[in-house]
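Protein chains: 2
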Amino acid sequence: MDEAGNTVVRRPRVQKNVTRAIAADICADIFSAGDFLPTENDLCDRYGVSRTVIRESLKILESKGLVRGRSRVGTVVCRKDEWNILDQQVLEWIGPRIFEFDLLNCILEARRAIEPAAAELAAERATVQEIADVERAWLEMRDAEGDIERFTKADVAFHTSLLKASHNQVFLQLSSIIQVALEFSLHASNEVVDRRDEAVDIHRQLVEALRMRDTAAARNCSLQLLSLAARDLAVAVKKHQPQASS
Amino acid sequence: MDEAGNTVVRRPRVQKNVTRAIAADICADIFSAGDFLPTENDLCDRYGVSRTVIRESLKILESKGLVRGRSRVGTVVCRKDEWNILDQQVLEWIGPRIFEFDLLNCILEARRAIEPAAAELAAERATVQEIADVERAWLEMRDAEGDIERFTKADVAFHTSLLKASHNQVFLQLSSIIQVALEFSLHASNEVVDRRDEAVDIHRQLVEALRMRDTAAARNCSLQLLSLAARDLAVAVKKHQPQASS
DNA sequence: GATATTTCAATCATCATACAAAAGCAATTG
DNA sequence: CAATTGCTTTTGTATGATGATTGAAATATC
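Heads up: the sequence lines are chains Z and P, in that order.
The first sequence lines up with residues 1 to 246 when you count with my numbering.
The second sequence lines up with residues 1 to 246 when you count with my numbering.
Mixed in with the good hints there might be a few duds.
Note: identical chains are not told apart, hence a pair may lie in one copy or across any two.
Capping the alpha-carbon separation at 20 Å, the derived lysine to any residue pairs in SDA-like fashion look like this [claimed, not checked]:
| hint | residue 1 | residue 2 |
| --- | --- | --- |
| 1 | Lys-164 | Arg-112 |
| 2 | Lys-153 | Asp-201 |
| 3 | Lys-239 | Val-76 |
| 4 | Lys-238 | Asp-81 |
| 5 | Lys-239 | Gln-88 |
Think of the hints as simulated: they come from the structure by calculation, not from any bench.
Given the sequences, and given the hints that come with them, work out the whole structure.
Structure below.
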């Protein structure tokens, strides 16, 4: 931060940081939807970089739907429902503010539609190698014990591998939102260890279903996992909205 | 095209065109996955614009996963499975080459997972206004008669409105891929008019289901539409791969 | 006074140039 | 032969200038 309270970045490899900084300020509603961003020159002063960097950052933000540059008029901030929320980078920029977006519920609904279908396809089409990848992720989950970082990472790897094994490019692209969902839900339910043991076991059954090419079982396991995820999400949301207690 | 056979663009509002041109050349495998792009200065010559424009174009392409810039080394073209294929712009760049991507099948599978779920949610949550929007699109489909452009546009509007009515941001974002699927499938099955009448009728039933808040009927209608879409897709693929006849 | 036209300032879009920093390669040297 | 050093290439950043276009203010016209 500089004396004006703005996020300032250092010189050498500054592009990514500036982009992130502007995105963060947009997420923080310092620049609200519908507003015009300051002029390019003002943004230069604000973030302490040249117009080159500012313009390239704006181009990136524009390509992801956060802003829209109107020729010779200015750059307006887009409404949040215009953002490419399926984009990994956008999700990273949003970060913990995802709780303000009512996104986690949408993601859970989407997972309910997508993951059981992907599990079925994976049971049909997964190669031996891909099943092994899924199982390795499961082993990592099982051995993570109390290490929640490690567990989350393994869980993400499990679901990503599963989507990969579905051999469907669209499903695979959606791993970014599932990753986000897992990261924010699991951190919330870290104290409930029993539940995690249950989850590990269902994951194991899912690997088994892949081996057996049992599409119905695979779908069923996926649905069970999503029921657990729903409970975890409820906990996570309650934690992040303590003002909503009656 | 200039004397060297490269796509050249004129000066005034050149950014979008250059980006599209580079993307097109990548899609056409003029720059293949794993290859390094020419240096920025060479790209300037190739496309006849300044480095500013080239760099901003590369930034956009990078933000969508088509290329990856390695500092002080060069820009490499990414594998196609790294591209953000859920991005509207990327899909536009791919254009008719989508048949080479094995994407339409993936999209159909994804639609089977997503649209019935979205239809259910829409039946629960659509506002009166949103149902009216869906119906307006249906009317437009019905009145399109032989005008296939108009029919396609209305069909896209119908499905987009439906996703909007599901009040799920994730589903709504996926309207881009559904749009692409509709555009390429419908143009292929334009001679089969009976089938289109059948489709119009099922669309009508879906509107009715929304009115009645009948989630099961909505899901069922959606599934029926996807069966039709599957048949249309088969026709479209056969048309675009005439060499695959045994 | 209201409306249409013109002018003008603001701002983005592009260009050209310069320099810094770093990665890769080659030459040099122990 | 290996390790260091230095050079070249290429990207990253900065800066200033010019063109083009939009929106609004100023002016002219009715």
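Hint by hint, here is what the structure shows:
Taking the shortest Cα distances, Lys-164 and Arg-112 sit within 20 Å of each other both inside one copy (17 Å) and across copies (18 Å). Taking the shortest Cα distances, Lys-153 and Asp-201 sit within 20 Å of each other inside one copy (17 Å), while across copies they are farther apart (48 Å). In the homo-oligomer, the alpha carbons of Lys-239 and Val-76 never lie at most 20 Å apart, since the shortest distance is 34 Å inside one protomer and 44 Å across protomers. In this homomeric assembly, Lys-238 and Asp-81 never come within 20 Å of each other (Cα to Cα): the closest approach is 24 Å inside a single copy and 37 Å across copies.
In this assembly of identical chains, Lys-239 and Gln-88 lie within 20 Å of each other by CA distance neither inside one copy nor across copies; the values are 25 Å within and 36 Å between.
This entry does not satisfy hints 3, 4 and 5, going by the numbered hints stated previously.
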